Amino acid sequence: MIWHPLTWAFWSAAFTGLLIYGLAAFRSANVFLDWQPDRADSRQLRRERDAEIAALLARGALACLAAAALLGLIGIALAWHWVVPGAMCGTGVLQAMGSYGSRALIFWGLALVILYAWWVLERLNRFDPMGGLTWQAARIWLTAAPFLLAAFIDSWQALMRVESTPPVSCCAAVYDQVLGETSAAAVTRRLLAASFWGHLAGSVSLLILAVRRIQRPERGSGILPAAIMILWVPAASICIKHFWSAYYYQVLSHPCPWCLFLSDYYGVGFLIFGCMAAAVLSSVSLWTANHIRRHPLLSKPAVKRIHQSAWQLLAAIILFTILTAGLALVWRLRTGVWMTNPF
Amino acid sequence: MELTPGLTCHRLDFHWPGDRSAKRPVLASVDARFAPGRLTLITGETGAGKSTLLHLLAGLLRPTGGEIRADGRPVSRWPSSHRDLWRRNMGIVFQHLALVPDLSAAENLLLPLVPRKMAWSGMQEQIHERLVDADLADLGQFPARELSGGQRQRLAMTRALVGSPRFILADEPTAFQDDDHARRMIAQLQTAADEGAVIVVCSQDPRLKGSAAFHHRCHLASGTLVRSNPP
Chain A
1 MIWHPLTWAF WSAAFTGLLI YGLAAFRSAN VFLDWQPDRA DSRQLRRERD AEIAALLARG
61 ALACLAAAAL LGLIGIALAW HWVVPGAMCG TGVLQAMGSY GSRALIFWGL ALVILYAWWV
121 LERLNRFDPM GGLTWQAARI WLTAAPFLLA AFIDSWQALM RVESTPPVSC CAAVYDQVLG
181 ETSAAAVTRR LLAASFWGHL AGSVSLLILA VRRIQRPERG SGILPAAIMI LWVPAASICI
241 KHFWSAYYYQ VLSHPCPWCL FLSDYYGVGF LIFGCMAAAV LSSVSLWTAN HIRRHPLLSK
301 PAVKRIHQSA WQLLAAIILF TILTAGLALV WRLRTGVWMT NPF
Chain B
1 MELTPGLTCH RLDFHWPGDR SAKRPVLASV DARFAPGRLT LITGETGAGK STLLHLLAGL
61 LRPTGGEIRA DGRPVSRWPS SHRDLWRRNM GIVFQHLALV PDLSAAENLL LPLVPRKMAW
121 SGMQEQIHER LVDADLADLG QFPARELSGG QRQRLAMTRA LVGSPRFILA DEPTAFQDDD
181 HARRMIAQLQ TAADEGAVIV VCSQDPRLKG SAAFHHRCHL ASGTLVRSNP P
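So the sequence lines, in the order shown, correspond to chains A and B.
In this text, residue positions in the first sequence follow the numbering used here: the first is 1, and each later residue adds one.
In this text, residue positions in the second sequence follow the numbering used here: the first is 1, and each later residue adds one.
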């Protein structure tokens, strides 16, 4: 374990969140197993109280877990590389963590996406005094449990590995990718080109979908933005790493997404990846609200939520494009050449 | 579900938390209907559960079984955020009054009007009228703690009536009143009932038991509510 204040802050938030999550999950399990809204016997009334308390606890748990995830990200990106010999950014920290680090990040992301879907559902459910979506909310809350547990186990393993690991070489990890291109070079180039065009096509599609939902929030598909998002996120991540980051570093062949978080680059990584996270969460919100749109009592708030989420998606994609392609365009106008060529 | 106007109790159970309390429920399978435009008096010995029933009707306590419907809607099963909003339709006279002692009598009357989004001049007018009705016109600027017990009780009754709520619940509203003021309070409740309010009064006061103003009388004993005949 690393003796760093941020590590303790991370574990404090994470364990508090997990504890409150567990308490909420225990009550949600009661709701999930035997929810009978047509009855008014003492057992159903107890479950209704459980559902109300679970919703209160869950909001606290979500706040703690989101804070823990943010602290963990700050730790990897900005703090822990000081205690890992040879590391200069998050790449070195993740190298020291082995596969556990990347797995922990993925599981944290998945758990938070599910919990965000719960939050959207729960907020809409509050418009119905009889809580017509209480059972669904309990089910979503419980669905996050395996991802959250996996995130915890991997985070623990990752942080335990950090101190005992031999010195790492951040730059070697990055430059090996560039210099090691031999037989797989053509495949890699094709993959990068596909990612670039996929990312551009995804951005345009998401912009069009967002504008259409803003104009007509009561009509359209919720699954389409979510499906595009699943393809857009990896493609956009590859593009940040291989194309857009070069315009911030102003050097070629430094495909490192983690250096963007450093103060040398004004922590722009937080903004770029923050926009990406906002876009993902907006699409989750669109999907969830779209499901609820047909509920007789919740149709109005669901449509309002769709409208808000579409605006958020539009804003996130526009800001993301300005921060990535916008800077590249400025460079092109100033110098007359592109630094990176995806073709 | 049938949309019955007024307050309705369906198989209402209540016991305090704990195993011993569960064996001795305060209310057991109470069925009752309190209709709009009607005054209902609930009597019962001390500790029979009159105040508990009133708190359940007001949505301040949650039943352990059964439900309370207000105009057909199961308000007792709503989460607190919705019940709090619904309670804006309610005026309550608590047994221990629950006035804000440091606020003046007029300010105490202002409190229930604030969420009703009335115009300031309308609020002032209504507060003045109500203070006159309650024989408290000269005491509007006095802090509630400086009023006598009877005056405080009249202020609590006035606070329940201000804003003309749909439901009025009163717990021993005349306990500290002389005969004249008790009669005036009954008349005020009658006026509110004539305007369509649902009124439930819990009391052991013989003056209320003997009053002809009440349309219905119920007696609460051993956790059950039984309709009793007028004297």
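For the record, the hints were derived by calculation from the structure and aren't laboratory data.
Since we're looking at a predicted model, the values are computed, not measured.
There's no promise every hint is true.
List time: in silico SDA-like cross-link candidates among lysine to any residue, alpha-carbon distance up to 25 Å [stated by the list, open to error]:
#1 B:Lys-23 with A:Gly-109
#2 A:Lys-300 with B:Arg-11
#3 A:Lys-300 with B:Ser-81
#4 B:Lys-23 with A:Asp-41
#5 A:Lys-300 with B:Trp-86
Legend entry - Hint numbers contradicted by this structure: Violated hints: 1, 2; rest satisfied.
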